[in-house]
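Engineer: These protein sequence lines map, in sequence, to chains A and B.
The first sequence runs 63 to 383 under my numbering.
The second sequence runs 23 to 270 under my numbering.
Note that these hints are calculated values from the structure, not bench results.
The reader is advised that the hints may include incorrect statements.
If you want the footprint, here are the derived chain A segments under chain B, 3+ residues with CB under 8 Å [unchecked claim]:
1. 96–110
2. 142–152
3. 188–196
4. 256–263
5. 319–331
6. 338–349
7. 358–367
EDC-like cross-link-like pairs, simulated, lysine to aspartate or glutamate; straight-line CA separation at most 16 Å [stated by the list, open to error]:
8. Lys-204(A) - Glu-233(B)
9. Lys-241(A) - Asp-157(B)
10. Lys-77(A) - Asp-127(A)
11. Lys-218(B) - Asp-49(B)
12. Lys-251(A) - Asp-142(B)
13. Lys-256(A) - Glu-181(B)
14. Lys-204(A) - Glu-149(A)
15. Lys-241(A) - Glu-91(B)
16. Lys-247(B) - Asp-351(A)
17. Lys-246(A) - Glu-91(B)
18. Lys-204(A) - Glu-91(B)
19. Lys-273(A) - Asp-349(A)
20. Lys-46(B) - Asp-142(B)
21. Lys-166(B) - Glu-249(A)
22. Lys-78(A) - Glu-233(B)
23. Lys-375(A) - Glu-233(B)
24. Lys-378(A) - Glu-258(B)
Where is the CB? At the ideal position from N, CA and C, for every residue including glycine.
The primary structure of each chain is shown beneath.
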Amino acid sequence: MKILAYIEQRNGELKKNAYETVTAARALAAGSGGTFAALLVGDNVAGLAEKLAPYGAGDVIVVSDARLAQYASGAVASAIAQVTRAENFDTVLISSTQHGKDIAPRVAVKLGAGFVPDIVELDGEGVAVRPVYAGKARVAVKITTPVKVYSLRPNVFTASTVDGVSAATRTVSVEFTEKDFAAKVVETKVNTGKRDVAEADIIVSGGRGLKGPENFNLVEDLAEVLGGAVGASRAVVDAGWRPHGEQVGQTGKTVSPSLYIATAVSGAVQHLAGMSSSKFIVAINKDKDAPIFSVADYGIVGDAFEVMPLLTKEIKTLLGK
Amino acid sequence: MNIVVCISQTPDTATKIVVGADGKAIDPKGVKFVLNPYDEFAVEEGLRQKQAAGGTVTLLCVGGEGAKESVRLGLAMGADKAILIKDEVRGDSYTVAANLAEAIKSIGADLVLCGRQSVDYDSAQIGPMLAELLDMPLVSFVTKLDVTGASIRAERDIEGGKEVVESTLPCVITAQKGLNEPRYPKLPDIMKAKSKPIEERAPIAAEPRTETVEMRKPEQKGTGKIFDFSPENVKELVRLLHEEAKVI
């Protein structure tokens, strides 16, 4: 395989998904006896290449254009497709983030390529696995076109470093049309001071069993101690206790953290759809028959109001906080 | 304004899923099908934009005879008419997008609305693919949409915030929860919808670009370590998270 790993950057910053994509490309290249290159698209982003080298990216392609200082879906998709074509890449990897979801299907259409989104496994033959039907089934899918595009579910393909790789960057030019910038970002509103559930490695989420928004401090305190993000079930978001940005599940976000602690969340199938690919799940619920226990690795049957302060205290002690 | 809303029919999320005999798709027997929840936001937005700017709302659906139920629901919500591209054989997202694009080209559109994804395969591909196939700008995962003349200003969800995007019309929008509160059709609307036209069309020949090798139920997790509440057991849980799972 000849693999192109598209590296997402926002305002010149890389997130964990960038390293995951490089690592996945490296593993796939090794597994298939192929090669890979990383692609950065933006305004003045070549400097990011050195951050990719520890993960094995020796060949870093850069597309730079002042108009890309702000994200423009059409232009980024066009750049990826042009580089793929110009250098005959046969496999394109993109992280399935909000940007990745915006561009990957477009890249596939531009290239006449098959596309498998939001995958959780990929083998050396190009067969990808992804959850479907709210996690109630999994499909293995293969692409039947010569060029193949995959997007990788964030937090699933673990990033790892290798020694002795230094990045050689090369800037390539692509042709943009005015239409590529017809839809463009004019402003980014950042939720200040909050870790987003979609990017967090640890999530502590709360459900209706917490009885009211004023009791979310139980969840916030533990999240704070663990350096994690606060999540919420649909019921509490619909009730207006928590913002939609925190919602985990089918009409919220799909997350795969290392640790997911569900507090007083019953575990409706819509919620499980958004979090069942977490690596470790802890359930705290006073109903021993709550469906959340069926996906839990660990659990405590008990009242969250009793369990949470104690759990927070014990973890604080462990971490020496 | 000529508004086209692409909708699909999906199994109700709470429905039980059984893998069919071919091992590649679900067995539809006994499955309850509904209008894809995200498409309700798209239909609602279409109706609101029509109310503001005038025009028509046309529903577009690729599906079998059974999908008519969801099409009727969209008509009962207030859409003017519908086109059902009768395709009983499920291809892949690309073949669906190609069929939708062909129909949109034939009827024309100033605004194309889709749900952000359908809750069966959760692929989130149709909207972005349509943008390419129709050569229109795209704004996906939209939670706020203002149309002024031939331009729009939209907010889309990103990790940790929102992006404000400006675009020209025509364009493709995919609807995220939060965009609006979809209406429930009342009985007179449901009755009225029965006389609204559903035009049936034959699908175009589009080759799928992916192939399902296998569908299976996910491996069941081994039984978790579940304890009754006691201070000792909370301590034990913390020890397990630290020493066994190694996540804290």
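Engineer: So which of those numbered hints doesn't the model satisfy?
Structural biologist: When the structure is compared with the hints, numbers 1, 2, 10, 11, 12, 14, 15, 17, 18, 22, 23 turn out to be violated.
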